[in-house]
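Number of protein chains: 2
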Amino acid sequence: MYDACVSKGSCVCVGLDPRLDKIPSQIRERAISKNKNTFKAAAEAVLEFNKGIIDAVYDLVPVVKPQIAFYEMFGEEGIRVFRETIEYAKSKGLITIADVKRNDIGSTAEAYANAFLGEVDLFGEKVKVFDADAVTITPYLGWDGIKPFMEACIKYGKGMFVLVKTSNPSSGDVQDLCMKDSKAVYEIMGHYIDSWGADDIGKNGFSPIGAVVGATYPDQSKRLREIMPNSFFLVPGYGAQGGTAQDVKNCFIKDSHDVMTGAIVNSSREIIFAYEKSEKYGEKEYDKAAREAVMKMNEDLGSALK
Amino acid sequence: MYDACVSKGSCVCVGLDPRLDKIPSQIRERAISKNKNTFKAAAEAVLEFNKGIIDAVYDLVPVVKPQIAFYEMFGEEGIRVFRETIEYAKSKGLITIADVKRNDIGSTAEAYANAFLGEVDLFGEKVKVFDADAVTITPYLGWDGIKPFMEACIKYGKGMFVLVKTSNPSSGDVQDLCMKDSKAVYEIMGHYIDSWGADDIGKNGFSPIGAVVGATYPDQSKRLREIMPNSFFLVPGYGAQGGTAQDVKNCFIKDSHDVMTGAIVNSSREIIFAYEKSEKYGEKEYDKAAREAVMKMNEDLGSALK
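Just so you know, the protein sequences line up as chains W and E, in that order. Heads up: the first sequence begins at 1104 in my numbering, then just goes up one per residue. Heads up: the second sequence begins at 1104 in my numbering, then just goes up one per residue.
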C-alpha cells in the first residue's frame, strides 16, 4: 500500500458501490437488451459501469474498494461481477480491498479468509476465489475471529482493515462506550490491533493489520494514530458523509523520508456518480466526471497534507 | 419462531455448514462426474448434501441455519446453492436463518437487508433475492447499521438475531469489556436490543430483534435473559463447541402457557456430520445419522427443559 501510494502520488481509494438506479441509462439499456434475465442484466450493467470507472481512474489512484453489499443484492450474478471487478482492477495494476466486513468464530473466519484472500481446497486442488489484496473485518468476536485473516495475510502477502472507529452517526453506541479506566472501546480496539500486528511489521513500518477510522471523527482519529503507529488507516466518510481534507489529516504520519503516509481516504458516491453534480459532463461521460472528481480529491488532499 | 417450536416440539436449529471434505464420497463423486467445472461440482455436492439433511430432519426441527461462509468460499456457484438451500428448506416448511453476520453503515445495511430479507429493485421491478426468514447481524456499528434490518423485519414479517455474547473463546476481548458503571459491553448490547425492540412486541411476547447468546457462557446468558425478556435467543456452542443442555437452560423462559420457550439451540457439525461418530450409520447413510443425532438432541434438551 505504501509503495502504491508513493508511486501514484495519491492516497485516494475509489469506493465501487454501484447503485443500479444511478448507473447511466446507456449502460442499463444495453445490459437489458443483451440479457433476458434481469439479475444478469443488472450484474452486467454493474460490471460495465465499474470497468468504465476503473479505466478512467487507474493511473491516478492506488486502490479501489468494492463494497460487496451492492453486488450480493443481485444474488449469484452479483457475486460473479464482484469477483470480476476485483480481477479487472488488478489487471489495471490497482490494489483491491474487498469491503466485506466479515467476522465469525475461528473455523468460519478461516473459510472467509480462504475465500477472499487465500485459496480454497476444491477436491484436493488449491484454487483462488476472490483473491483480493485486502479485506475489511469486524472485531466484535475478538482475536480468534481475526487470527485466520492474519494468517492468510502473512501467508499470501495480503492486508486487512479492522473496524475501529467507523464514520456513521451511531458508531458511538458501542465504539465510544467508556471503560472503568476511562478508555473507550475504540481505543482498546486500537491497542489490540497494535499488539496483534507487532510481530509482523514490514519494511515500510506497517503491519498487515490496518484499521478503519472514520473521517467524521477527527479527535478520535488523532488519538488512534498515536495508539497505532504501525497500522495503515482506511478512512471512510470523506465527501458525501461530511469529512473534509483537514479532518483526515490526523490519520496520516510523516515517515523517515518526510512522506505523509499511513492512510488511504475513501470516497464512493462523490466519485463514481460525480456526473450528477458535474457542470461539464452528463451521464454519458460519467467516466470523465469520475476522473475529474478524483483529480480534485487528489489535489484537495495533497494541499492539506503538504 | 414461537409457533414453529411449539408445533414441532423442538427448539433445535440445524446448522447447515457443509465442508466439502466431509461430504460423503458418493455425493462428491457424483457431483464431479456431472460437472467439469470444479466450482460447480463443489456447489452441486453441497446442495445435494443439504437436501439430504433437510429431508431427514424437516419433520423434527423448526429451523435450519446455513452459514454463508461455507458457500461464499465457492464464489458465485456457492452463493447460488446458498440461495437454493434456503428455498428448499422453506419448501419443506422450515424457518431459515441466513447466518451472515452482516453489518455496515445505514445505506449499505439497507442493501443487505433488502437482499436477505426483503426485495431488491431491478429496473423498477421488485424482486426477492435470498428471502430468508431471519438473519444474523453484528452490532459494532450501532443502531444506524441495524435499523434497516429492523425496518425490513417489520415490513416483511421477518426476524433478526444480533450478536450479543458469542460462543467463541475470545468473545470476551470486546464483549466482556467492563464499563465505568460495572456493566459489560454484552450487557449494554442486551439493553440496546431490549429497547430497540420495545415498540414491536408480537402476540407471543417477542420482538423481531433476537440475540445470539453462546451456550458456552451460562452465567452471562442468565443475566442476558433477565435483560431481554422479549427477545428470542439463537444459542450456538452446544455440542462440538462444548455447551451442554444444562448450560443452555438459562436462555429459555417459561411463558404464561407454562411453555419453556424463547430460545433455539444450534448444532452444526454434530448433526450434519454425525455419521463420523455413529456406530450404526456410515457415510452412505449420513442422512439417517443426522436424523438420529437430531432425535438425541431433541431428547437431551427436552429432558433438561422439563
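Errors might be hidden in some of the hints.
Since the list gives no way to pick out one identical chain from another, each pair is judged satisfied if it fits inside one copy or across any two copies.
Within a straight-line C-alpha distance of at most 30 Å, the following computed DSSO-like cross-link-like pairs (lysine-lysine) qualify [to be verified]:
id : residue 1 : residue 2
1  : 1306      : 1387
2  : 1409      : 1325
3  : 1229      : 1399
4  : 1286      : 1250
No lab work stands behind these hints, which were simulated from the structure alone. Predicted, not measured: the structure shown is a model, and the values here were computed from it.
Structure-based check of all given hints:
For the identical chains of this complex, residue 1306 and residue 1387 are neighbours neither inside a copy (44 Å) nor across copies (53 Å), given an alpha-carbon limit of 30 Å. Within a single copy, residue 1409 and residue 1325 get their C-alpha atoms as close as 17 Å, which meets the 30 Å cut-off; across copies the closest is 56 Å, which misses it. Taking identical chains as interchangeable, the C-alpha atoms of residue 1229 and residue 1399 are never at most 30 Å apart, the minima being 43 Å within one chain and 37 Å between chains. In the homo-oligomer, the alpha carbons of residue 1286 and residue 1250 lie at most 30 Å apart both inside one protomer (24 Å) and across protomers (27 Å), since each shortest distance falls under that limit.
Of the numbered hints listed earlier, those contradicted by the structure are 1, 3.
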